[in-house]
Structure formats: structure tokens, C-alpha cells
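Residue numbers (our numbering), protein chains in the order written: chain A, 1 to 219; chain B, 1 to 420.
Bear in mind the hints are in silico, worked out from the structure with no lab data behind them. No residue lacks a Cβ here, since even glycine has one placed at the ideal position from N, Cα and C. Hints are supplied without guarantee of correctness; some may be wrong.
Computed cross-link-like contacts, DSS-like style, restricted to lysine-lysine with a CA-CA straight-line distance of at most 25 Å [claimed, not checked]:
#1 B:139 / B:232
#2 A:39 / B:7
#3 A:69 / B:339
Estimated spans, in silico, between C-beta atoms of each pair [stated by the list, open to error]:
#4 B:297 / A:198: 58 to 66 Å
#5 A:120 / B:14: 22 to 30 Å
#6 B:4 / A:101: 53 to 61 Å
#7 A:124 / B:271: 51 to 59 Å
#8 B:82 / A:198: 30 to 38 Å
#9 A:9 / B:14: 17 to 25 Å
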Amino acid sequence: MNELQFLTWTRGPGLDIAVGIFLLGVLWRLIEIYTLGRKKDLAAPRHTAGASGLHTVFRRSLPPPGMLKRSPVSYIGGYIFHIGLAIIVFLGAPHILLIKNLVGLSWPALPSQFIGLAAVVTMAAMVVMLADRINKPVKRFLSTFEDWFTWAVTFLPVLTGWMATQHLLLPYTQMLALHILSAEILLVVLPFSKLFHGFTLFGSRWYNGRVNGHKGVPV
Amino acid sequence: MSASLEKGIHALKEVIDAPIASYFESCVHCGLCAEACLFYTETGDPKYTPIHKLEPLRRVYEQEYTLLGRLKKVVGLSKLVTDAELDQWQELVYDSCTMCGRCSLVCPVGNDIVYMVRKFREGMAVSGHVPDGIRSATKRTVELGGPMGLKWPAVANVLKHVQENTGLTVPVDQEGAEYLVLLSSMEIVNYPEYIEAIAKIFHKAGISFTLASDAYEATNAGIQIGSSDLAKVIVSRIVDAAEKLKVKNVLSPECGHAYMAIRWEGPNLVGRPFGFKVVHVLELLDELRQKGVLKMKDKLKDPLILHDPCQIVRRGGVLQAPEPLIQQVAENYIPIADKQKLNWCCGGGGGASAIHTEEAEALRAKAFRIKKRQIEEAGVDTMVTFCANCRITIEEGFDHYEMNTKLLGLTELLAEHLEA
Chain A
1 MNELQFLTWT
11 RGPGLDIAVG
21 IFLLGVLWRL
31 IEIYTLGRKK
41 DLAAPRHTAG
51 ASGLHTVFRR
61 SLPPPGMLKR
71 SPVSYIGGYI
81 FHIGLAIIVF
91 LGAPHILLIK
101 NLVGLSWPAL
111 PSQFIGLAAV
121 VTMAAMVVML
131 ADRINKPVKR
141 FLSTFEDWFT
151 WAVTFLPVLT
161 GWMATQHLLL
171 PYTQMLALHI
181 LSAEILLVVL
191 PFSKLFHGFT
201 LFGSRWYNGR
211 VNGHKGVPV
Chain B
1 MSASLEKGIH
11 ALKEVIDAPI
21 ASYFESCVHC
31 GLCAEACLFY
41 TETGDPKYTP
51 IHKLEPLRRV
61 YEQEYTLLGR
71 LKKVVGLSKL
81 VTDAELDQWQ
91 ELVYDSCTMC
101 GRCSLVCPVG
111 NDIVYMVRKF
121 REGMAVSGHV
131 PDGIRSATKR
141 TVELGGPMGL
151 KWPAVANVLK
161 HVQENTGLTV
171 PVDQEGAEYL
181 VLLSSMEIVN
191 YPEYIEAIAK
201 IFHKAGISFT
211 LASDAYEATN
221 AGIQIGSSDL
231 AKVIVSRIVD
241 AAEKLKVKNV
251 LSPECGHAYM
261 AIRWEGPNLV
271 GRPFGFKVVH
281 VLELLDELRQ
291 KGVLKMKDKL
301 KDPLILHDPC
311 QIVRRGGVLQ
321 APEPLIQQVA
331 ENYIPIADKQ
341 KLNWCCGGGG
351 GASAIHTEEA
361 EALRAKAFRI
371 KKRQIEEAGV
381 DTMVTFCANC
391 RITIEEGFDH
401 YEMNTKLLGL
411 TELLAEHLEA
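For reference, chain A alone in the conformation it holds in the complex:
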């Protein structure tokens, strides 16, 4: 397989397989998790303004009082790389084109220089987060193979995409093929790893908000 054939494969069958596994995986995991159900709370509820599942879904996006000071790297680094990833994935012109080809929807893109800058900032934040995971006793203690693996799986598409657009190291076609392949690996890994928090965190926040909201505590 030469590099053009490789690129063609990643854009064709490779993409179909990855998207297929991703979609079925997400569906399967959501069913697996949420059909477990939960018991009805029979205690008489207490009603307090701001105490509900939906409130917590939004409220938890901000650090609770005192927490930013205790773990600034987690919060600031976390915000930067999550927002950076979202900008790159959803506002980069080639990505919008891909989404348009897949589902028919499209929207205006940001200039490619801006996306390039976002990629650099995102990678920097991710490297800082990785260093924090290595340095901080709690994070290092909690870390398993999955934590390092998912970090790499998330980092590689950003790195290869940025390198392709900057024409670094490898010819554009090769780097582009690697970029697409790395993104496909990310898609396949996502439903079956901690990256799935991108889906379940809404449910988790909602349950927490609801269970405590029943007691009248906005959490």
C-alpha cells in the first residue's frame, strides 16, 4: 500500500469502520449504563431554588468555591484543552467539510491560522496536564495505563493535524493519512475508555443534582 492508497483507505473504509464502531459503541454503552435504572426516592422532597439535576449539569462546569486555588492546573489546563479541542474539531474548515459530507450540516469556519494557534495552545495545555499527572502524587496514584493511553490517543490527532498543515516532518499526504488514522483510533477508543465521560458526565451531573435536589441541596 503506497501513501496515496493509505490515505484513500483512511478516508474511505477506515473512516466508515471507525464511525460505525463509534456510533454503535456509544449507543451500546449508553444502554448498558442507563438501563440499570434506579429506585424511586420515597422520602418527601424538600424544594429549594437552584436544586435540580439540570442546575447541576450547568453549575458543575465552574469550579466550586475554593477549588480553583487548590488545583489551578486541573481547572485552567482543563478548560483550555477542552475548549481548544472543541474549537479545532467543530470550527476547523476541513472538519466542517467532513461533518457536511457525513450528515449534511455545515457552518462557518474559523481562519486556518487561528485553528493552528488553537492547536498549539491545546497541545501546550495537554502537555502541562500530563506533567501535572506525573508530578502530583494524587494524580499519579490514581493513574492507570488507560490514563496515559487516552492522553496519547487524544494528543496524536491534534499533533498530526497541526504537523500536516505546517508541512512538518512528513509529506502532507502521509501526515494527513496519519492524522485521519489517529482520529479514527480516537473514535474507536472513545466509547470504551474514560473518554466516554464526554457523554456520561451529563447523566452523572444530573443524577447528583437530582438526588441532592430531592433533599433541597443545590450541589
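Take the given structure of chain A and dock chain B to it, following the hints.
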């Protein structure tokens, strides 16, 4: 696999529900929950990270409820939960977790970690991995009526003294009273002033109340040990008495876990909603304050801070009553930074104060440093709280660090300054 371990794993499988599955799937190992846990902040030991305390439960979830986990189990790639492991986890689930729930307030993906600890304890209890202190407290509650082994004659004796001291009658087993008053053994033994305070306030407000000779104990060690079966037996006494006496309300004492047991877990343990209301004593006092019945003859002048008991405030939802009440009776109340639902635990909740091993006591003393710091930073010599168990733990902390801080119970303080 031992029979008890098998039962324990079965219990864990039973308690896993959609919230727990969602929580485990959401965890990204960010470690922020550690920053909310006093056992971590005061020791710096990563093993006290709240989510780590649930590792055996997580693996049971993965191995039993996820496709990949089941596949791994079939081919022998998964690490099964063992007795030795649960034994090792006992310290993490009981000694170093007071079920204060502060971690559940900070997790960025929204995990309600304390919800999972409560459920995890079900499996720990069934498999026999429970600290002796909590086990014997539970046994005494089931067999004798209370965690300290107090029986009714002893309670009746205390009530006699209360009547002598106050000159007020304390009705017992009176049908149709508005409130059935529950107590905690701690109050009966160590703080009978609480009972005097309640008698004074009820008489002043003209509200009828009664005690029940077969249901005076509100605390529920069954919940702390993590056994819903035993917790149900204990809570049913109160439900039966309240229904027999046809009271409108059941008054929970200051004690935090008692309130949690009767107000929030109670109906779920007996499997039906209650026909009576469960009211925390501070809720009643605040209602009386708003009605203008709770007038003070004078105020305490000492600068003081408030310790909000976790199970009443953060986990119980009695959020608004404490501050107006303390302001009602104290001239120099100083609000601290981490107050109300963000309070730091005393270190002795969730049954921890009943564990008397050397290690557990040393750990509690370390964890108490956070309260010590709060008191020192506020620069006060007085702290007020409203939970008998917090009071015992805090007094122990004061003794340990040879502090001269005064600790007062809110209800008693109010009663003491009540207009005659």
C-alpha cells in the same frame, strides 16, 4: 471464595444502579475529590482520595455490568475482589470516610461519591469487613435500643432529672401530640441539657409533644455500618411508635446521622412514604423564630463561629435555619469561608467516632487539624454546633490539641437565652 465474600459481592451487585454506573464511567482520575476530603488534605496521603476508596466496587461494576469487563472476566484478565482486599479497604471506607459528602460537591464530572460509599458499605457489612466499634454499636442498637446500650429505665431517670431541673413535665407515650421527640444516646448521656432545652422551648411555644418509651433513640448505626436490613429494623421502631401515638410530626434531634436516617433514608428503608412529617429541631426552632415565639432575653457576646454538621446541612438540606438562629442569640457571630454546605467535617461522622483503634484515633486527630485551623483563623474562643456526635468528636479534638475553645450546642444556647 468464602461464603461471606460471595454474599458481599452479591450485595455490591445489587446496589449498583444507573447513577453508580454513570459515575464510574465519568471519572477521569483528575483527583479533585482529594482536595475536598479532610483525610487527604490533612495527611497528604493519596490513598485517601475519595474515588479510590471505591475501587473494589468499581471493579465489580466493570466485571458484572459492562461488555468489555465481562469479556475480560471470561478470559481471566480481570482482577477479582478478594477478602484480603476488602479487609484492606475497611480503613478507607470507614476510618477515613465520615460520609460527609464534600467530595460529591466538587467532582467536575458530577460524581456523587458519598452516594457510592454508602452503597459500598452494604457489601462491606455483609462480607464482614466492618470495624468492631461500629459493629458493636449496631448490635447494641438492634438488641438493646441504642448504640450505647441505654435502656428505657435509664432514659426515664434522665427525664426525671430534666423535670426536676426545669419544673416542666415531659410527657411520655402521649397519644395525639403534635411532636414525637427523638433523642440520641449521646444527648441522654452527655448532653441532657438538650432535653431541658427542648422541654423549655415546647412549653414556651405552647406546642404539645411526647417521648415514646419504645422509640426514643434516633441514631441508626445500621446506616453507618451499611446494613439496610438492620437500619430498617431500627427505623421501624420510630415509624411504629409515631403511627401508634398518631403524632403529626417526628422531631429529629440535633444529631446529624439520626436526621439522615429518619428523614431521608427512613421511608426508603421501610419501603413507603411516611404519614407524618420528619422535622429537624433547627427547622422547628427557625419556624418559631419567624413566628416571633423564639425571643431572647439577652445575647451571647463572645465572638464565635458555627460548625455546620454535614448530615444536617450539606447532606440533609437544613441550609437556611442555622445562621438566622445563631444570629438570634449571638451578637458576634463570625461567618467563616467554608460554611453551610461547604463546611468541613469534624472527622467523626459516618460511624468513624465509634472506631477506637489506635490508628483510627490518630487519623481522626490529624483530620481535626482543619477545624483547629478554622477556629484559629477566625480568632475565636467559642464554636457552636448542632450535632451530638460532632460535639463528642470536637471535644476530643480540643483535648488532643489542648485547646481552650468552648463548644456550645445551638439548641441549648437558644434555650439558655430564651425570654422567660
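When the hints from earlier in the document are held up against this structure, which numbers fail?
Structure breaks hints 5 and 9.
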